[in-house]
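Participant: Chain residues, written in single-letter form:
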Amino acid sequence: MANFDKWTERLTRGIARGTSRRSTLAWLGATITGAAVFPVLPVARAASGSPHGGGGGHAPISSGNPQDPGDQASCDYWRYCAIDGFLCSCCGGSVSTCPPGTEMSPITWIGTCTNPADNRAYVISYNDCCGVSSCGQCLCNRNEGDRPQVRPQSNNDYNWCLGTESSIYNCSTAVIVGVALDAPK
Amino acid sequence: MANFDKWTERLTRGIARGTSRRSTLAWLGATITGAAVFPVLPVARAASGSPHGGGGGHAPISSGNPQDPGDQASCDYWRYCAIDGFLCSCCGGSVSTCPPGTEMSPITWIGTCTNPADNRAYVISYNDCCGVSSCGQCLCNRNEGDRPQVRPQSNNDYNWCLGTESSIYNCSTAVIVGVALDAPK
Amino acid sequence: MRLFALVMALSMAGTALSSAAAAAPGKPAFPKALPEEPIPAVAALPAQWPASWVLIHDFHFNAILDGRVYVVDTAATDRPIKGIVRAAQFANMLVSPRRGEVLTSETFYSRLTRGERTDAVTIWDMATLQPKGEIVLPGGKRQQSVTYPQLFQFTNAEKWALVANFTPAQSVSVLDLDSRKVISEIDLPGCAQIYPTGARGFTSLCADGSLFSVKLGPDGQAISSKTIEKVQDIDNQPLFSTPAWVGTTAWFVSFRGQIQAIDFSGDVARPLPGSFNVGTADGAAPEWRPGGWQVIATDGADKLYVLMSPNGREGSHKDGGTEVWVIDTKTKARVARIPLRSVATAISLTKEAAPRLIVARGDGEVDVHDAATGAFVRSLGNAGGANPILITAP
Amino acid sequence: MRLFALVMALSMAGTALSSAAAAAPGKPAFPKALPEEPIPAVAALPAQWPASWVLIHDFHFNAILDGRVYVVDTAATDRPIKGIVRAAQFANMLVSPRRGEVLTSETFYSRLTRGERTDAVTIWDMATLQPKGEIVLPGGKRQQSVTYPQLFQFTNAEKWALVANFTPAQSVSVLDLDSRKVISEIDLPGCAQIYPTGARGFTSLCADGSLFSVKLGPDGQAISSKTIEKVQDIDNQPLFSTPAWVGTTAWFVSFRGQIQAIDFSGDVARPLPGSFNVGTADGAAPEWRPGGWQVIATDGADKLYVLMSPNGREGSHKDGGTEVWVIDTKTKARVARIPLRSVATAISLTKEAAPRLIVARGDGEVDVHDAATGAFVRSLGNAGGANPILITAP
Numbered sequence: 001m002a003n004f005d006k007w008t009e010r011l012t013r014g015i016a017r018g019t020s021r022r023s024t025l026a027w028l029g030a031t032i033t034g035a036a037v038f039p040v041l042p043v044a045r046a047a048s049g050s051p052h053g054g055g056g057g058h059a060p061i062s063s064g065n066p067q068d069p070g071d072q073a074s075c076d077y078w079r080y081c082a083i084d085g086f087l088c089s090c091c092g093g094s095v096s097t098c099p100p101g102t103e104m105s106p107i108t109w110i111g112t113c114t115n116p117a118d119n120r121a122y123v124i125s126y127n128d129c130c131g132v133s134s135c136g137q138c139l140c141n142r143n144e145g146d147r148p149q150v151r152p153q154s155n156n157d158y159n160w161c162l163g164t165e166s167s168i169y170n171c172s173t174a175v176i177v178g179v180a181l182d183a184p185k
Numbered sequence: 001m002a003n004f005d006k007w008t009e010r011l012t013r014g015i016a017r018g019t020s021r022r023s024t025l026a027w028l029g030a031t032i033t034g035a036a037v038f039p040v041l042p043v044a045r046a047a048s049g050s051p052h053g054g055g056g057g058h059a060p061i062s063s064g065n066p067q068d069p070g071d072q073a074s075c076d077y078w079r080y081c082a083i084d085g086f087l088c089s090c091c092g093g094s095v096s097t098c099p100p101g102t103e104m105s106p107i108t109w110i111g112t113c114t115n116p117a118d119n120r121a122y123v124i125s126y127n128d129c130c131g132v133s134s135c136g137q138c139l140c141n142r143n144e145g146d147r148p149q150v151r152p153q154s155n156n157d158y159n160w161c162l163g164t165e166s167s168i169y170n171c172s173t174a175v176i177v178g179v180a181l182d183a184p185k
Numbered sequence: 001m002r003l004f005a006l007v008m009a010l011s012m013a014g015t016a017l018s019s020a021a022a023a024a025p026g027k028p029a030f031p032k033a034l035p036e037e038p039i040p041a042v043a044a045l046p047a048q049w050p051a052s053w054v055l056i057h058d059f060h061f062n063a064i065l066d067g068r069v070y071v072v073d074t075a076a077t078d079r080p081i082k083g084i085v086r087a088a089q090f091a092n093m094l095v096s097p098r099r100g101e102v103l104t105s106e107t108f109y110s111r112l113t114r115g116e117r118t119d120a121v122t123i124w125d126m127a128t129l130q131p132k133g134e135i136v137l138p139g140g141k142r143q144q145s146v147t148y149p150q151l152f153q154f155t156n157a158e159k160w161a162l163v164a165n166f167t168p169a170q171s172v173s174v175l176d177l178d179s180r181k182v183i184s185e186i187d188l189p190g191c192a193q194i195y196p197t198g199a200r201g202f203t204s205l206c207a208d209g210s211l212f213s214v215k216l217g218p219d220g221q222a223i224s225s226k227t228i229e230k231v232q233d234i235d236n237q238p239l240f241s242t243p244a245w246v247g248t249t250a251w252f253v254s255f256r257g258q259i260q261a262i263d264f265s266g267d268v269a270r271p272l273p274g275s276f277n278v279g280t281a282d283g284a285a286p287e288w289r290p291g292g293w294q295v296i297a298t299d300g301a302d303k304l305y306v307l308m309s310p311n312g313r314e315g316s317h318k319d320g321g322t323e324v325w326v327i328d329t330k331t332k333a334r335v336a337r338i339p340l341r342s343v344a345t346a347i348s349l350t351k352e353a354a355p356r357l358i359v360a361r362g363d364g365e366v367d368v369h370d371a372a373t374g375a376f377v378r379s380l381g382n383a384g385g386a387n388p389i390l391i392t393a394p
Numbered sequence: 001m002r003l004f005a006l007v008m009a010l011s012m013a014g015t016a017l018s019s020a021a022a023a024a025p026g027k028p029a030f031p032k033a034l035p036e037e038p039i040p041a042v043a044a045l046p047a048q049w050p051a052s053w054v055l056i057h058d059f060h061f062n063a064i065l066d067g068r069v070y071v072v073d074t075a076a077t078d079r080p081i082k083g084i085v086r087a088a089q090f091a092n093m094l095v096s097p098r099r100g101e102v103l104t105s106e107t108f109y110s111r112l113t114r115g116e117r118t119d120a121v122t123i124w125d126m127a128t129l130q131p132k133g134e135i136v137l138p139g140g141k142r143q144q145s146v147t148y149p150q151l152f153q154f155t156n157a158e159k160w161a162l163v164a165n166f167t168p169a170q171s172v173s174v175l176d177l178d179s180r181k182v183i184s185e186i187d188l189p190g191c192a193q194i195y196p197t198g199a200r201g202f203t204s205l206c207a208d209g210s211l212f213s214v215k216l217g218p219d220g221q222a223i224s225s226k227t228i229e230k231v232q233d234i235d236n237q238p239l240f241s242t243p244a245w246v247g248t249t250a251w252f253v254s255f256r257g258q259i260q261a262i263d264f265s266g267d268v269a270r271p272l273p274g275s276f277n278v279g280t281a282d283g284a285a286p287e288w289r290p291g292g293w294q295v296i297a298t299d300g301a302d303k304l305y306v307l308m309s310p311n312g313r314e315g316s317h318k319d320g321g322t323e324v325w326v327i328d329t330k331t332k333a334r335v336a337r338i339p340l341r342s343v344a345t346a347i348s349l350t351k352e353a354a355p356r357l358i359v360a361r362g363d364g365e366v367d368v369h370d371a372a373t374g375a376f377v378r379s380l381g382n383a384g385g386a387n388p389i390l391i392t393a394p
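Taken in order, these protein sequences are the chains called X, E, Z and W.
Here the first sequence stands for residues 1 to 185, where the numbers follow the working numbering.
Here the second sequence stands for residues 1 to 185, where the numbers follow the working numbering.
Here the third sequence stands for residues 1 to 394, where the numbers follow the working numbering.
Here the fourth sequence stands for residues 1 to 394, where the numbers follow the working numbering.
Treat the hints as calculated values from the structure; they're not laboratory data.
It is possible that some hints are incorrect.
What the hints assert, rightly or not - Quick list of simulated restraints, FRET-style, between CB atoms:
{"no.": "1", "chain 1": "Z", "residue 1": "341", "chain 2": "W", "residue 2": "130", "range": "53 to 59 angstroms"}
{"no.": "2", "chain 1": "W", "residue 1": "236", "chain 2": "Z", "residue 2": "78", "range": "38 to 44 angstroms"}
{"no.": "3", "chain 1": "Z", "residue 1": "78", "chain 2": "W", "residue 2": "227", "range": "51 to 57 angstroms"}
To be verified - In silico EDC-like links for lysine to aspartate or glutamate, alpha-carbon gap of 16 angstroms or less:
{"no.": "4", "chain 1": "Z", "residue 1": "330", "chain 2": "Z", "residue 2": "299"}
{"no.": "5", "chain 1": "Z", "residue 1": "351", "chain 2": "Z", "residue 2": "299"}
{"no.": "6", "chain 1": "W", "residue 1": "32", "chain 2": "X", "residue 2": "68"}
{"no.": "7", "chain 1": "Z", "residue 1": "230", "chain 2": "Z", "residue 2": "208"}
{"no.": "8", "chain 1": "W", "residue 1": "230", "chain 2": "W", "residue 2": "208"}
{"no.": "9", "chain 1": "Z", "residue 1": "32", "chain 2": "E", "residue 2": "68"}
Even glycine gets a Cβ: it sits at the ideal position worked out from N, Cα and C.
Whenever a hint applies, use it, and build me the whole structure from the sequences.
Facilitator: Printed below as a string of structure tokens:
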């Protein structure tokens, strides 16, 4: 087997930047409505005790930046349009950082979500945080643009704790890695 | 360290039979009211979704024997007066047998519970079933006669998966090992 | 000295026994005490499980490393759970009544969450649920995903098992279950999921919408392969990866309800003509679409059962469904709609003479319906654990 | 070849980026896009944790082998959870701000639930929550219980740790934390729990109601020991094993509310005279008694906080409580009753200048009250995980 694990460290940004399949992007854009309230996988709802998942007594977390609006402890937050797992914001990390004690996966799946404040479509990298067991807080599952496992980086069912020292999954971040070329209207 | 593990296989019945501290027994008897509804540890209540623990959608399990009355899937069943854990009756075993795939611990803690049908005080051995992870069904905690850890065989906080190949805890049985000498009125 | 001290400690706690036959001041109705019960005592299962039994995979989100498979009797009015099989860390499970074995494909760390990684397939006896042996999978590459059935499959008349790998390089390991060895590894760039194909081989779904069929030789190496182009449109009409099997024919449904059968009986997969849609109905916003994790099931004959969401739209494919639609594959018509008691994630049918529809709900409860009438029969409570996501009828 | 295929697969999924600085048709209010964020990025904790931080042990009944300790900021209006430390299989936890370390005493199996057993103490850095090292405990004898603080304790100015063993033979292992070695083992027949005593030693509670104090030499071996008779009546008035500590004085409460202080400052434990009862009150059936898992706390000065159940009777001692009674140890009088929002299992006080009363509820929620007034301040949600049973203020 070729040694992919080292190579994959360069994937997240590298591959994403190097490609430009606009047709897919346009399709993604057409289906995103960042301001709506999204349903989540029933297990997420049940586990969170909230009709939309992610609730469970968590006080809202705001970025403080009007250009990045919404509650980062809620599944409905705009960056979470294709997230699947526990929100790191509720686990000791933040929307873009892993909790202490974990390691951030260098490779992951990618979503394209529209920011309702500036109406731009951002490419969001859902890097998993690894090496600590399931956080157990703020379970969310949203699947806008999610495709079956034949398209790995568009699929959130994989355990993306790959290329990390441990593949144990703790939580998921939603990191801005760029603005999509063809921003949806 | 002396090798206790083999020796402990003979403990459950042997020690229990060989002793006769009637004062303690009498005290135990005085505090048991087998027919009452017992509260359980709040965690048991919360986890089971039932005010008394052990519910969670489980259909009643009857012995079919009028001398052994009650619902063996309920924390209130008379034999469970000092149980702490998941009921094996809900996990693939029964009130006195471990589920397939597990190993029954040869040593455990002992309770004395009154059978409301025949009014006898039975000595109940709460043998744990080991080698499979937490069953997750019918969590109960009752502590009639439970004493701190300085009295090991009267304490249900120990993981009694001792002397077994694995110490992983799955569920607890409630086995009749005899009738108490001084049956309470 | 130590021995003595412990005996002393125990005796101080003062538990005393008489013979069970001793006279006790019981009610006259019960002249004899209940008998002593044997220790140790462990329940066993029948070597051949009844057709009402299923395996329900609990993904266990709050402790993914401690997933389980519950053995469940769907006909039980009490004690539906018959036992629990370990399914650690994004595990996959296979069951073979012919072999009398349940197999789990799992990952372990020497310090639970850290340390040395070991991937292994464990072979469990169906009658005792005790492990009979294991096959260690080298290289730390076993694919970890929310559980799909098609990541771990038999081939070669259940003498071999196929394990999906993902690092993210994709490959399939071939395991000889009798010699308990990994005998080969087939590279599978750009393809995923494993569908047993022919006497000895498999097919996978590929990123461009094609299928890729591989025929294996007696040593487990690929002896031929073939690409079948344009089987699915992954952008607009992707197939759920988990089909319903009628013999060697797999019935797939797409995110938008298109039914496609694929014949895996030969060495090369063969999409069958006559694709059709499950149809539409009122009462949806914006429309009915399949939704859940395991969304299609079969009675083994002409009927398909599809779990449907009334909130169908892009991204709704894992939201779960509130109805099961029954489709006749002969007439390509919907013949019934079965309303469920709650939003469900997974459905399957038992292989009983009169099959039951087993429904794993989002809240963790498992319901049993009559597959012919749709009528609710009973709830099995949380017999599938915390997060039941996959139901297997052996 | 493999590389190429994967790149192809990824590119087919079609994610395209422009520079974040590129013009985008955003609202005029935000002429620039949000900036890119760095990958990887992992949060760190302050080397010295604020006094509002506590550690909450989640026993995790539904996956006991996957227990955890949550690091929680009780002053946080959002993000109360600061991180999670593994606490596997009936683990115990110790924290030392002086050492900058959290220690966990755990048990592992090579195949999660089976295989080779390893007991080990792991040393975690308080600033990174990363492991710095471990001390393997030989013999498979580490005591596994629902977590008690007094099963894992420091002595010798936090240079050593003491680990309780139970097979059911009882002993205490002495660990040198700097050399990361087990240096001795002290047999402890008939006794349980570990209370650090004097400069270098410990005391345990014994089955006949006595205490047993052991003084350790520089090599970790016992150099003297002493039994203190009749400290507690285990039949009628047993002490909860977990006391509240004011320096080297431990305040115990009994199942029936009797308060007993024990001074552990010297080489031999010294029960202090002046035992008294928390008292009674109306509204109970049959009476108020302490109830829960961690039922007594202190403000570090004269006030004790006791978690009380209104359903006090034999066997109620773990039922949890609905009120916290505040007791002045100087006047031996109850000075306040704090009604809780729900039945609680564990209480503790922060070491802030104005201490907060932290309440772990039976339903898993964690509440913060003002310790002086009893007023509810905030809920921390499920910041202690599924089954929060022990709260530690470092």
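Participant: Hint by hint, say whether it matches the structure.
Facilitator: Here is how each hint holds up against the structure:
1. 341/Z - 130/W: 53 to 59 angstroms: About 47 angstroms separates the Cβ atoms of residue 341/Z and residue 130/W, which means 53 to 59 angstroms is violated.
2. 236/W - 78/Z: 38 to 44 angstroms: Given about 40 angstroms between the Cβ atoms, the range holds.
3. 78/Z - 227/W: 51 to 57 angstroms: 52 angstroms Cβ-Cβ, so the 51 to 57 angstroms window holds.
4. 330/Z - 299/Z: Roughly 13 angstroms separates the two Cα atoms, so the pair holds.
5. 351/Z - 299/Z: 7 angstroms, holds
6. 32/W - 68/X: Satisfied, since the Cα-Cα distance of roughly 12 angstroms is no more than 16 angstroms.
7. 230/Z - 208/Z: 7 angstroms, holds
8. 230/W - 208/W: 7 angstroms, holds
9. 32/Z - 68/E: Distance ~12 angstroms between residue 32/Z and residue 68/E Cα, so the pair holds.
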